[in-house]
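So the sequence lines, in the order shown, correspond to chains A and B. Letter by letter, the first sequence follows residues 1 to 244 in the working numbering. Letter by letter, the second sequence follows residues 245 to 488 in the working numbering.
In short, the hints are calculated from the structure, not lab data. Just so you know, even glycine gets a beta-carbon here, dropped at the ideal spot from N, CA and C. A portion of the hints provided could be inaccurate.
To be verified - Partial list, computed: chain B residues near chain A (C-beta under 8 Å): (1) D287; (2) A320; (3) Q323; (4) K346; (5) L350; (6) G351; (7) C384; (8) G463; (9) R465; (10) L467; (11) T471; (12) T478; (13) L479; (14) Q481; (15) D486; (16) W487.
Claimed, not checked - Straight-line alpha carbon distances no greater than 27 Å define the calculated BS3-like cross-link-like pairs of lysine-lysine that follow: (17) A/K92 - B/K283; (18) B/K337 - A/K8; (19) B/K337 - A/K92; (20) A/K92 - B/K336; (21) A/K93 - B/K252; (22) A/K65 - A/K39; (23) B/K252 - A/K92; (24) B/K336 - B/K309; (25) B/K336 - A/K39; (26) A/K93 - B/K336; (27) A/K8 - B/K336; (28) A/K93 - B/K337.
Protein chains: 2
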Amino acid sequence: MSALPRAKIRLCVEHPLGAGQAVSLSPDQAHYLFGVMRKGVGDHIALFNGRDGEWTAEVAEAAKKRGILVCLEQAAPQQMPPDLWLIFAPIKKERTDFIVEKAAELGCARICPVQTEFTNSGRIRQDRLQAHALEAAEQCLGTFVPPVDDLVPLSKLLAGWDAGRRILWADEALVGAAETLADLPPGPWAILIGPEGGFSEAERAKLRALPFVTPISLGPRILRADTAAVAAVTLWQSALGDWR
Amino acid sequence: MSALPRAKIRLCVEHPLGAGQAVSLSPDQAHYLFGVMRKGVGDHIALFNGRDGEWTAEVAEAAKKRGILVCLEQAAPQQMPPDLWLIFAPIKKERTDFIVEKAAELGCARICPVQTEFTNSGRIRQDRLQAHALEAAEQCLGTFVPPVDDLVPLSKLLAGWDAGRRILWADEALVGAAETLADLPPGPWAILIGPEGGFSEAERAKLRALPFVTPISLGPRILRADTAAVAAVTLWQSALGDWR
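Required output: the full structure, derived from the provided sequences and hints.
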């Protein structure tokens, strides 16, 4: 579908993309493109906005803190992830960053940090986590960036939950054979991963009582929370998602 | 099987473990246990050696750079991983550390770093990677630490390969539906993950020609090498390993 070679540098923009469309860069993007990467007028860059696929665009104007690119042709169609959310309790900084990066890479549609009874951190840097999701999409030729929600208490999230979206709960107390996810119904899902200390007894009782929650085991070994997140998303994608 | 509460601090030792067995600590372990963790005579520690399961041991002698523990009772049986090796091309330091940690957590029996045509680093710190595998086992209540080999060229590894061990090759050129691994034969396997730049054309041709190599896709998205390693081990474990 594309006659031009695929541009190496990729930027995510807000602007609509289409043939002949002019797109303004943010001051940060202009600095990165012209200052750091030494690109200039006439160079080709890949643009995506989460809706219109990837477009090859040519630099039309380049200044220190601003720039204009013009879309030439679509390089790849828009690729949306399946309707899978990842709910997780933030852990140490590096491992939290890692979970967000991997969720974006593996194809989650939304990332929901929750505070549980045993969650260490009472706050997150939502903007920093969102930037990690964006960077993962830019690096891995993605055309969609999953939104990262603000931190909410798990109890509040569950109180307002739409029962039409099932929750796959990686229950760290279930250490044994992994479930066969292929038997689960398709449709909207969310994966729930606890913090390092697992869930409290009260949380576990509540989760067990919810009709839309399915507990699963992730094998006979104890996994760190970040490992459990990647393993659960992988198993869901291969059984119910778009890896099939 | 165990009457004593499971000790929180876990140490991997070389020594055989059994009821009444006295075990000497290394200077580093004695420093960690008595200097850093402030443990002393009478305290209980968990010991494992990769063969005899986990044992609860009591500190019998504590000095600055040495110590003796006596095994009281077995706290958990020995748990061996299935016969799965992970072959991977080292990438950036943090992501290489991550791959080794995750391979140990997810249950690989051996970790084989290989140098490919597009591998950036010409050397690894084998001792540091081995320490990461050990720490993962200590943290995640494991009783087995996968050995980490020295870096070898992929061509040399393949030249001496035992054809009885099949290789599951995460072929980054196969972007599409993920394979159904359940159709693959059981037995000894190795997973092969390339570097960030993928494999060269010559390497790909060689791999395709080997009868014991099976290429697989890991879904429709491009994954970083560390993500591919975790996803591939997860899929293998759930289809052919001990997560079934």
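In rising order, the numbers of the hints this structure does not comply with: 1, 2 and 24
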